[in-house]
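K.L.:
298 is the number that the working numbering gives to position 204 of the sequence shown; each next residue is one higher, with no gaps.
In short, the hints are calculated from the structure, not lab data.
Just to be clear, a hint being listed does not mean it is correct.
Quick list of the computed label-pair ranges, beta carbon to beta carbon [as the list claims (entries may be wrong)]:
#1 GLU114 - ASP312: 18 to 24 angstroms
#2 PRO183 - VAL364: 15 to 21 angstroms
#3 ALA119 - GLY248: 20 to 26 angstroms
#4 GLY315 - PRO183: 50 to 56 angstroms
Note that this is a predicted model, so its numbers are computed, not measured.
We treat Cβ as the ideally placed atom computed from N, Cα and C, and that holds for glycine.
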Amino acid sequence: MAMASVAAESPRVAVLTRPEGRNEALAARLRAAGWLPCILPALEIQALPAAAQALPRPADYDMVVFVSGNAARQYLDQCVQADGPFAWPAGVIAATVGPASAQALRESPCFGANTTVLHPPESAPSHDSEALWDVLRGLPRLPARVLLVRGTQGRDWLGDKLEAHGAAVTRHAAYLRRPADWDAGQVALLRQWAGAGLRATWLITSGEGADAVRARLDEAGLAAWWEQCGFVLTHPSLARRVPAVRHDAGAPAMVKICLPNDESIFQAFVAA
Numbered sequence: 095m096a097m098a099s100v101a102a103e104s105p106r107v108a109v110l111t112r113p114e115g116r117n118e119a120l121a122a123r124l125r126a127a128g129w130l131p132c133i134l135p136a137l138e139i140q141a142l143p144a145a146a147q148a149l150p151r152p153a154d155y156d157m158v159v160f161v162s163g164n165a166a167r168q169y170l171d172q173c174v175q176a177d178g179p180f181a182w183p184a185g186v187i188a189a190t191v192g193p194a195s196a197q198a199l200r201e202s203p204c205f206g207a208n209t210t211v212l213h214p215p216e217s218a219p220s221h222d223s224e225a226l227w228d229v230l231r232g233l234p235r236l237p238a239r240v241l242l243v244r245g246t247q248g249r250d251w252l253g254d255k256l257e258a259h260g261a262a263v264t265r266h267a268a269y270l271r272r273p274a275d276w277d278a279g280q281v282a283l284l285r286q287w288a289g290a291g292l293r294a295t296w297l298i299t300s301g302e303g304a305d306a307v308r309a310r311l312d313e314a315g316l317a318a319w320w321e322q323c324g325f326v327l328t329h330p331s332l333a334r335r336v337p338a339v340r341h342d343a344g345a346p347a348m349v350k351i352c353l354p355n356d357e358s359i360f361q362a363f364v365a366a
């Protein structure tokens with residue numbers, strides 16, 4: 095059987111690389127749509143310990159910005175570990191980059207129904223720091239004291255922007271992201287797909303995740319296969335971190351850009 099025929103008859107493979115616990119619902123939906131989902135986290139999220147005396151408290155700021163749902167969950171856990179159950183202080187704005195991250199905040203028991211959570215709307219063209227900045231610019235005035243909760247790595251664009259407009263910004267790392275380990279069985283499955291000429295479609299949601307995936311595939315001798323795969327990306331800037339689209343007679347790399355929520359990601363895969 096020719097390699098092209100094997101690939102044509104094989105199921106469409108979706109490799110989901112978000113951190114552990116973030117892929118299952120999407121995997122189930124893709125499976126029902128005829129895809130073969132493979133959950134293969136690119137990064138592990140590790141909580142960072144925070145000494146009670148050094149932990150910045152939300153009551154000391156006018157606004158707390160969370161760069162992701164992970165930032166929200168990890169920081170709130172740190173607060174509970176330091177002080178026990180607490181209520182989010184009245185008058186302190188919470189802000190985050192999109193509806194999914196905002197939902198992570200609203201699900202916390204410390205957030206009341208009247209807590210202000212600012213975020214770009216579902217209809218925004220992107221859910222990122224730039225989109226949140228557009229929301230913040232619409233405030234009557236920018237909050238003077240801002241706590242920016244993030245990981246140990248990542249973009250600092252929003253913090254710099256706030257400082258340039260007069261805000262005093264405190265940056266707090268609530269978690270660490272490190273490349274996840276893939277076991278021998280997972281690597282063997284990838285090699286099997288590569289050998290069969292099956293072109294997988296990878297979900298990439300961060301630059302660090304893209305770099306981690308590429309490094310793992312390089313170690314496994316699968317760099318050439320990576321060049322032939324397709325990609326669903328949750329931010330246009332991630333296109334720099336995956337193989338460039340090819341315009342020759344060979345199979346081109348396919349790149350789809352979508353918002354970082356399950357519905358948009360699902361639709362991007364279906365359109366692939």
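K.L.:
Against this structure, judge whether each hint is valid.
P.N.:
Results for each hint:
1. GLU114 - ASP312: 18 to 24 angstroms: The hinted range 18 to 24 angstroms holds for GLU114 and ASP312, with Cβ atoms some 23 angstroms apart.
2. PRO183 - VAL364: 15 to 21 angstroms: violated (43 angstroms)
3. ALA119 - GLY248: 20 to 26 angstroms: Since ALA119 and GLY248 have Cβ atoms about 25 angstroms apart, the given range 20 to 26 angstroms holds.
4. GLY315 - PRO183: 50 to 56 angstroms: holds (53 angstroms)
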